[in-house]
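In order, the protein sequences belong to chains F and B. Position 36 of the first sequence, counting from 1, maps to 36 under UniProt numbering, and the rest follow consecutively. Position 113 of the second sequence, counting from 1, maps to 113 under UniProt numbering, and the rest follow consecutively.
No lab work stands behind these hints, which were simulated from the structure alone. Note that this is a predicted model, so its numbers are computed, not measured. Among these hints, one or two may not hold up.
Unchecked claim - Restricting the straight-line Cα-Cα distance to at most 27 Å, the calculated cross-link-like pairs of lysine-lysine (DSSO-like) are: (1) Lys253/F <-> Lys204/F; (2) Lys151/F <-> Lys204/F; (3) Lys253/F <-> Lys307/F; (4) Lys169/B <-> Lys151/F; (5) Lys232/F <-> Lys307/F; (6) Lys169/B <-> Lys204/F.
What the hints assert, rightly or not - Quick look at which bits of chain F chain B covers, simulated, 3 or more residues with Cβ under 8 Å: (7) 68–80; (8) 85–91; (9) 95–109; (10) 159–170.
Unchecked claim - Chain F side only, calculated, beta carbon under 8 Å to chain B, not exhaustive: (11) Glu64; (12) Gly112; (13) Gly130.
Idealized CB from N, CA, C, for every residue including glycine.
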Amino acid sequence: MKKLLRGLVAGVFAAGSIFAMATTASAEGERIVLISHAPDSDSWWNTIKNGLAMAGEHVGAEVEYRNPATGDIADMARIIEQTAASNPHGIITTLADPDVLSGPISNAVAKGIPVIIINSGTPEQAADVGALMYIGQPEYDAGLAAGQRAKRDGIGSFLCVNHVVSNPVVGERCRGFADGLGVELGDSMIDSGQDPAEIKNRVKAFLSANPDTEAVLTLGPTSADPTIEALKENGMAGNIYFGTFDLGTEIVKGIKDGTIQWGIDQQPFLQAYLPVVVLANYNRFGVLPGNNINSGPGFVTKDALAKVEEFAGEYR
Amino acid sequence: MSEAEAKDAAPQEEDRDERIREISPLRKALIRPELGSICGVILVFVFFLMIAGDSGMFSPEGIVNWTVVSAQFAIIAVGACLLMIAGEFDLSVGSMIGFSGIVIALMSVTYGFPMWVAIIVAFMIAMSIGWLNGFLVIRTGLPSFIVTLAFLYILRGLTIFLAIFTTNKTIIGGVRDAAEGDWLAAIFGGKIFKGLFVWLADLGLIGKFVAGNRAGEPVVDGIPMLIVWAIVLIIFGHVLLTRTRFGNWIFAAGGDAQAARYTGVPVNRVKIMMFMFTAFCATVFATCQVIEFGSAAADRGVLKEFEAIISVVIGGALLTGGYGSVVGAALGALIFGVVQQGLFFAGVESSLFRVFLGVILLLAVILNTYIRRSITGER
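Model the full structure from these sequences, guided by the hints.
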């Protein structure tokens, strides 16, 4: 027992000092912290981490990634407060819920820390909290563009598979899509949950209960991958109009084999890479682009898939 | 417990009169459930002073940051602690936080009731669900683990359903406007000692904002009511447990419920009241959060039930009931908060930091159990 205890104590301190070393190794350059609202389980944010790390290398800045473990936005507010207390040279953050986050973010701005909003939020909200700029894809507009495209392709009804029903910003994509089609959202949006088997079965159940559904819209790889499986199983793959947000290995495969008509790429790599570059140059030379930057929407279709395929899930 | 321990200790000291039990002051201090967590607090602070001393963690705003997080844990840990000493668990705490928050936001923002009405109604609903939890545990004889696990899902589902059904959204904002000028909201969301902090800032002891509309104001402008609530609940819980007859009943109900019944302790009532108190604490948490952040969301409080239980266990309480202390649970909450926030300040890669957190928690609990076993001779 005593040995075990001693071992544990030694282990903790050893682990601690390794972490400490790892973080002070690149002490040269600015310290820039990116804070997201994503829970640990969300794989999409891996691209953000990769983009962040690469930008840090390229500009010679020390970068850190922070997120609330369960995706709780109130916990995220604490992380922002804490990051501000540690006086970094720049904060990159999402604005997933302005009610909760605008206070901590504008306090950080008031402390003199430059802040860039990425991904969630709007350019107006970013300006309200005093951020330098907004870099991302306006969600509603992206959904609207997708809906208009589907309408041109002759679609009149759809199923929206929402795996993050707790985040209203993501739901805006469904709302935008419905408005683009010119139909009521109504019961077309289902809360699919995060479990692949559940998602698959709910999609199958919805489609057998509503056989005249003309299109399926998924909001990310989490819901897209099981939906592809569902369509393959009930024989609708390739026959039903299928669009999705974000890219991933399975989605790219689906676009290639005709199961999916298009994927909307908001280019998360740019959402992480650009703000680091902007903040580093702002710190060093005081230069700043004069406008917000839209990283998306970009429609990815069967044409020009090679690059996308190569980097899906890593940098795309 | 003390009788058994006297017997265990006896064989080594046979030359003494076995009827007289001598306990040295040192030993007396060592058998307190808080001991492990006091050691833990010291260890954790030394550790973070070493690796994150200059990171802003111990600047005024850094201190407020981890104190607030610890206070959050403490609020739900006090309820969980008393319930665990009474021999039961509540796994619905996290869902209750989300549920109460949505109730407050729905009533005040969506249906336009005054904020104080919304808060009181939320407390009443939450405490009646706490009562129902307790009632079902007592009536069915099922483990509270199962009953409250059911409510973990029932409440979470209801929360999401209520929010979407009434507003078509899962985050209800605008609470800050609704709470403006409300007397009850100020008790949950305000800050105290504001003048003191302005004075400290004028002396240059704490920093000021340098830009924007708050330029010139101190970066820390008061003690959040959340911290006051945590302290009040800790004191209340501690006094209730150690200075009142009801406190003895709590220990008795968790130690050996049947024996307690024979001696006239109303075990069922004690347990049900503790379930209600846990729900009360969860609602305090939810109300402070909703007022502070100005919005309620259906996914608030996920996993908070385990964070409460972890704080209580670090604090030296037994999972089997009948043993523990509120002060220990509060120190457990402090350790948890400092470790969780401190690792951020130390710049630990965020995916590794939970590994580290887990190891520290494990270490704290093993240390606790080891100290207690070696001192009390309990197996």
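Quick rundown of the hints versus the structure:
Among the hinted pairs, Lys253/F with Lys204/F is consistent with the structure: their alpha-carbon atoms are about 21 Å apart, no more than 27 Å. A threshold of 27 Å between alpha carbons decides the hint, and for Lys151/F with Lys204/F the separation of about 24 Å falls inside it, so the pair holds. Our distance criterion of 27 Å between C-alpha atoms is met by Lys253/F and Lys307/F, whose separation comes to about 13 Å. A hinted pair counts as satisfied when its Cα atoms are at most 27 Å apart, and Lys169/B with Lys151/F qualifies at roughly 26 Å.
For the hint pairing Lys232/F with Lys307/F, the CA-to-CA distance comes to about 26 Å; that is within 27 Å, so the pair holds. Only pairs whose Cα atoms come within 27 Å are accepted, and Lys169/B paired with Lys204/F is accepted, the gap being roughly 25 Å. With 9 residues having a Cβ less than 8 Å from any Cβ of chain B, the stretch 68–80 of chain F passes the three-residue criterion, so the hint holds. Here's how the stretch 85–91 of chain F fares: 3 of its residues keep a CB closer than 8 Å to some CB of chain B, so the rule of at least three is met and the hint holds.
Given a C-beta distance limit of less than 8 Å, the hint that chain B covers the stretch 95–109 of chain F holds, as 8 residues qualify and 3 suffice. Coverage of the stretch 159–170 of chain F by chain B holds [criterion: at least 3 residues with CB-CB distance below 8 Å; count 4]. Among the interface hints, the one on Glu64/F holds; its C-beta lies about 6 Å from the nearest C-beta in chain B, closer than the 8 Å criterion. Given the 8 Å rule on beta carbons, the hint for Gly112/F holds: about 5 Å separates it from the nearest Cβ of chain B.
This hint holds: Gly130/F has a C-beta 6 Å from the nearest C-beta of chain B, less than the 8 Å allowed.
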